[in-house]
Amino acid sequence: MTAPLLLIEGLYKTFGGLTATDNLTLDVRAGEVHALIGPNGAGKTTVINQLTGELAPNAGRILLDGQDITALPVHARVHRGLGRTFQIVQLMGTYTALDHVALAVQAHQGHSFRFFRAARDDRGLRDPADALLERVGLKARADEPVASLSHGERKQLELAVALAMEPRLLLLDEPMAGLGAVESAQMVELLQSLKGRFAMLLVEHDMEAVFSLADRISVLVGGRAIATGSAADIQADPAVRVAYLGEGDA
Amino acid sequence: MSLLFVEQVLNGLQLGVMLFLLAAGLTLIFGIMGIINLAHGSLYMVGAYAGSIAASATGSFLLAVPAGLAAAAVTGLAIEYIVIRKLYDRDHLDQVLATYGLVLLFNESISLIVGRQPLFVGVPPALSGSIEILPGMTFSVYRLTIIVAGLVIAAGLYALIQRTRLGMLIRAGATNRDMVRALGVDIKLLYTLVFGLGALLAGFAGVMAGPLLSVQVGMGEQILIMTFVVVVVGGVGSIRGALFGAIVVGLVDTLLRAFLPQLVRGMLSDPSEADQLSAGLASMGVYVLMAIVLLWRPQGLFPARS
Amino acid sequence: MHDPFKFSGKALIAIAILIAALVALPFIANAVGLPATTPLATRLLIYAIAAGSLNLVLGFGGMISFGHAAFYGVGGYTVGILFQHVRIGEPLFGFIPGTEQFLIAVPAAILVAGAFALLIGALALRTSGVQFIMITLAFAQMLFFLFVALKRYGGDDGLIIRRRNALFGLNMRDDLTFYFVVLIVTIGFYLLLWRIAGSRFGMVLGAIRQNERRVAALGIAVYRYKLAAFTIAGMGAGLAGGLVANYARFVSPDMLHWTKSGELMVMVILGGAGTLLGPLFGAFALVTLETVLSGWTERWQLFLGPILLLIILYFRGGLSGLFKFIGGGGK
Chain E
10 MTAPLLLIEG
20 LYKTFGGLTA
30 TDNLTLDVRA
40 GEVHALIGPN
50 GAGKTTVINQ
60 LTGELAPNAG
70 RILLDGQDIT
80 ALPVHARVHR
90 GLGRTFQIVQ
100 LMGTYTALDH
110 VALAVQAHQG
120 HSFRFFRAAR
130 DDRGLRDPAD
140 ALLERVGLKA
150 RADEPVASLS
160 HGERKQLELA
170 VALAMEPRLL
180 LLDEPMAGLG
190 AVESAQMVEL
200 LQSLKGRFAM
210 LLVEHDMEAV
220 FSLADRISVL
230 VGGRAIATGS
240 AADIQADPAV
250 RVAYLGEGDA
Chain R
46 MSLLFVEQVL
56 NGLQLGVMLF
66 LLAAGLTLIF
76 GIMGIINLAH
86 GSLYMVGAYA
96 GSIAASATGS
106 FLLAVPAGLA
116 AAAVTGLAIE
126 YIVIRKLYDR
136 DHLDQVLATY
146 GLVLLFNESI
156 SLIVGRQPLF
166 VGVPPALSGS
176 IEILPGMTFS
186 VYRLTIIVAG
196 LVIAAGLYAL
206 IQRTRLGMLI
216 RAGATNRDMV
226 RALGVDIKLL
236 YTLVFGLGAL
246 LAGFAGVMAG
256 PLLSVQVGMG
266 EQILIMTFVV
276 VVVGGVGSIR
286 GALFGAIVVG
296 LVDTLLRAFL
306 PQLVRGMLSD
316 PSEADQLSAG
326 LASMGVYVLM
336 AIVLLWRPQG
346 LFPARS
Chain U
1049 MHDPFKFSGK
1059 ALIAIAILIA
1069 ALVALPFIAN
1079 AVGLPATTPL
1089 ATRLLIYAIA
1099 AGSLNLVLGF
1109 GGMISFGHAA
1119 FYGVGGYTVG
1129 ILFQHVRIGE
1139 PLFGFIPGTE
1149 QFLIAVPAAI
1159 LVAGAFALLI
1169 GALALRTSGV
1179 QFIMITLAFA
1189 QMLFFLFVAL
1199 KRYGGDDGLI
1209 IRRRNALFGL
1219 NMRDDLTFYF
1229 VVLIVTIGFY
1239 LLLWRIAGSR
1249 FGMVLGAIRQ
1259 NERRVAALGI
1269 AVYRYKLAAF
1279 TIAGMGAGLA
1289 GGLVANYARF
1299 VSPDMLHWTK
1309 SGELMVMVIL
1319 GGAGTLLGPL
1329 FGAFALVTLE
1339 TVLSGWTERW
1349 QLFLGPILLL
1359 IILYFRGGLS
1369 GLFKFIGGGG
1379 K
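Protein chains in written order, with my numbering: chain E, 10 to 259; chain R, 46 to 351; chain U, 1049 to 1379.
Some hints here could point you the wrong way.
Said to hold, decoys possible - Some chain U residues near chain R, calculated using beta-carbon distances under 10 Å:
{"id": "1", "residue": "GLY1110"}
{"id": "2", "residue": "ILE1168"}
{"id": "3", "residue": "PHE1187"}
{"id": "4", "residue": "LEU1191"}
{"id": "5", "residue": "LEU1194"}
{"id": "6", "residue": "ALA1321"}
What the hints assert, rightly or not - Now the in silico label distances, taken between C-beta atoms and shown as ranges:
{"id": "7", "chain 1": "U", "residue 1": "PHE1141", "chain 2": "R", "residue 2": "ALA204", "range": "36 to 42 Å"}
{"id": "8", "chain 1": "R", "residue 1": "LEU258", "chain 2": "E", "residue 2": "ALA85", "range": "50 to 56 Å"}
{"id": "9", "chain 1": "U", "residue 1": "SER1056", "chain 2": "E", "residue 2": "VAL191", "range": "35 to 41 Å"}
{"id": "10", "chain 1": "U", "residue 1": "TYR1271", "chain 2": "R", "residue 2": "ALA171", "range": "52 to 58 Å"}
{"id": "11", "chain 1": "R", "residue 1": "ALA115", "chain 2": "U", "residue 2": "ALA1062", "range": "53 to 59 Å"}
{"id": "12", "chain 1": "E", "residue 1": "ALA85", "chain 2": "R", "residue 2": "ALA115", "range": "54 to 60 Å"}
In case anyone wonders, no lab produced these hints; they're calculated from the structure.
The beta-carbon is built from N, C-alpha and C at its ideal position, and this holds for glycine as well.
Next comes chain E alone, as it looks inside the complex:
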């Protein structure tokens, strides 16, 4: 078997007296969708934030493609191929949808120390950004400032922004959160269509979405992974039923 794309080894993080990530070991293989599930407060977002570099772990290593990225700053990890979406959308209020994706295209192209040419007239930025907005179904809304986009549209925009960076691994922090049934189904369909182009680590509460998308599932409880396996394995795992599914589905 080849080495995994992402390898988390013995990750450990405490806040004061609280252990948020407890000796977590986990891997994501190239091209797979690996879902991370667990009850609220299990420490899922804390794991994501350590992977992106917003939080520094107290111990443990994070390897991307065999290279240790544990100490890299946020922006450097992005250039190594680590993309993300935010659980609570993070957007720039006065910028349009197209501005957002164009900015991501621009960031992906390299440095932005260009001071003279008007960025909003730059076809080298606008054309790829347009194509990405079309891909996520936002083309008609390209010139709307994000303040006037609906919640579902903002979630789609988050995804378009992440795609613009052409990640090898995309960290999806609750992409369905706050979406209605129809929007959720659209998002699942969209993610389904992207499956295989890059690996995804999917944090999600919507079990239906998780079971339809994930190749493997890990269950996080109290900051540690209590089980990893296929959807069927996880549903059959007695420890998971006790710790999570038994209560969560009741």
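Once you have looked at the hints, place chains R and U on chain E.
The following block gives chains R and U in isolation, referenced to the frame of chain E:
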């Protein structure tokens, strides 16, 4: 030389204590209320003016202290009620500009009412003179009184913050403002109390500074900017950091001013140029200190939130 | 959405009228017997450059720098010190010859101020929020004391520059000529700001102001862009300082005083932070206010304080809204 050094250390301690009185209020007001208050130096100035006017009118320094405290407290509560309250939910830029407006208002009002001439207040007779604190070494009783009073106040603040319910709320507010809001505490009252406490401390520092410095318009900003250095060095929101930072800044500033001229005079031929240069370099010392601390620990030495 | 850095036809006409008015101003002033207006307008334009440079960090980048006057002062002193070394006929530090050439002294002012901004910014930008405000203020204070200490260059009395710098054999002593030199520099500077604001760099800067976390997650090294903006702004302030040293033929530590930083901030806010021409109108508003009020009373700042309070507390953005039409289209 060594006795001179001890004397300068005591002088540095005295400056540090004064800085602490201002920094404690400033750091609490920021830590709990999220307000950056440039007018904190104005409260110090108001205390100094009220104290020296009361002292020269009554001839009694004992009356100057309550006069300065009362003036600073009343002024502080008034600006909290009229201006600061409206700034809680504003960004730092609005806070800076509005309190900058207050500084201009206070400075110009005072120079209109009292005049541009600095006021001089004598050291109260009971505290004048020096005492021998070490064999062969005397030290100003007044400065010693400031050090003792400041340390007593620091201890009192420590007890207030560690031992009382108000202190518990203050500590909680400095680390997590939203939690205190969520506890259902009368947050407005807490804010007013903290601001009033800060004003009292600043006013006290102003009164005590009267006999040491000339009381004049602009004295507030001079010390305010140094207080900023203290707060940054100590860590925003931390009383412990404010005390530590104040002492360090007070010592560095005083010792540089005392001993740098000798060093510079050795290097430059023109003595008057050497004096002015060393005075300027000594004034820069605390900012260099701040730069070093920032390189080493951007959050200051004792950050309240980590 | 409307692009704030692309001007509609109406806005372009307004800008053309503004430039025409600025060109005509000294002639009209002379015709109506108010020749003192020309130097006043010169000062106004110089402030507009200083405030415009602050707007790059404050308005576009969202960094509340409270020490911008430091770079303004450094620029001024660069011109003053270079002139001083011509006068005493002795090179600076033993190897840098003095100069009274405008095209050397003013670019030197820009570069030296930029170097200081790079250094101070590199330290100050390690922090954010309230600490950044305090630290920029403290560093400015440090430079203030440095110039107070330099007795060789006048200390706290300041440094008199006997002649304005020479430029193409123009009669720079003539207020009208000097006004046009400053006007051309100002127009060039605002053109540059306009290009920067709409460039890739400008897009990153505006995004940083709105959501730094998002920008970092795009793979952008936020710190470098903030530092670049801070440095460019410092250079702009150095330009203004170099011009004002020529204008007043005098520099003093007052140029670096913290109240000067405060005034620059007030200009940016009065005119509308983050709009292209806002600082120009802010400078206009403040200088006019100062001129009118100080005609009444020496203590004009007594009125500035309450005016500032009223604007911040009750009419936030009111004045900038007035100029929105010209200043930056719709926001």
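Hints, one by one, checked against the model:
no. : hint                              : in the structure
1   : GLY1110                           : holds (9 Å)
2   : ILE1168                           : holds (9 Å)
3   : PHE1187                           : holds (6 Å)
4   : LEU1191                           : holds (8 Å)
5   : LEU1194                           : holds (6 Å)
6   : ALA1321                           : holds (8 Å)
7   : U:PHE1141 to R:ALA204: 36 to 42 Å : violated (56 Å)
8   : R:LEU258 to E:ALA85: 50 to 56 Å   : holds (51 Å)
9   : U:SER1056 to E:VAL191: 35 to 41 Å : holds (39 Å)
10  : U:TYR1271 to R:ALA171: 52 to 58 Å : holds (56 Å)
11  : R:ALA115 to U:ALA1062: 53 to 59 Å : holds (55 Å)
12  : E:ALA85 to R:ALA115: 54 to 60 Å   : holds (57 Å)
Violated hint for the displayed structure: number 7, the only one.
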